[in-house]
Amino acid sequence: MDFSKLDGLIPAVVQDATTGDVLMVGFMNDEAYARTVETGYATFFSRSRNTLWTKGETSGNRLRVERLLIDCDDDTVLLQAVCEGDGVACHTGARTCFRPVEASSAGRPS
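Heads up: the sequence shown is residues 56 to 165, going by my numbering.
No lab work stands behind these hints, which were simulated from the structure alone. On a predicted model such as this, the values are computed, not experimentally measured, just so you know. All C-beta atoms in this analysis are idealised placements derived from N, C-alpha and C, irrespective of residue type, glycine included. Treat the hints loosely; a few may be bogus.
Per label pair, the in silico range of CB-to-CB distance [to be verified]:
{"no.": "1", "residue 1": "D141", "residue 2": "K60", "range": "29 to 37 Å"}
{"no.": "2", "residue 1": "E86", "residue 2": "A158", "range": "36 to 44 Å"}
{"no.": "3", "residue 1": "E157", "residue 2": "E112", "range": "30 to 38 Å"}
{"no.": "4", "residue 1": "N105", "residue 2": "D130", "range": "15 to 23 Å"}
{"no.": "5", "residue 1": "T113", "residue 2": "L61", "range": "23 to 31 Å"}
{"no.": "6", "residue 1": "P66", "residue 2": "T106", "range": "14 to 22 Å"}
{"no.": "7", "residue 1": "E86", "residue 2": "E157", "range": "37 to 45 Å"}
{"no.": "8", "residue 1": "S59", "residue 2": "S114", "range": "30 to 38 Å"}
With the hints as extra help, turn the sequences into a complete structure.
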């Protein structure tokens, strides 16, 4: 993996291994990436807290990685995962961190 482009971080896109829905996007440094590979559970680097965190360590909604894919530039990772616990991936309590964009009156996203 190439951690040199974003101050030692790479984007990590998490996709539901069953439905294909995008659940969340986080960042990994080399240590978070290594821990994810080693444990099979998604670990990220918190830019605001400057520390590692494993998704679901307090809520129980852990992301068990089924498959890990690397993009053609070796600077982004796609985690195909199963959300354990209540199946909630977002800190807001939603299943996914993504929601549809409402179209404006001109037909473009607002």
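Hints, verified against the model:
no.	hint	result
1	D141 - K60: 29 to 37 Å	holds, 35 Å
2	E86 - A158: 36 to 44 Å	holds, 42 Å
3	E157 - E112: 30 to 38 Å	holds, 34 Å
4	N105 - D130: 15 to 23 Å	holds, 21 Å
5	T113 - L61: 23 to 31 Å	holds, 27 Å
6	P66 - T106: 14 to 22 Å	holds, 18 Å
7	E86 - E157: 37 to 45 Å	holds, 39 Å
8	S59 - S114: 30 to 38 Å	holds, 33 Å
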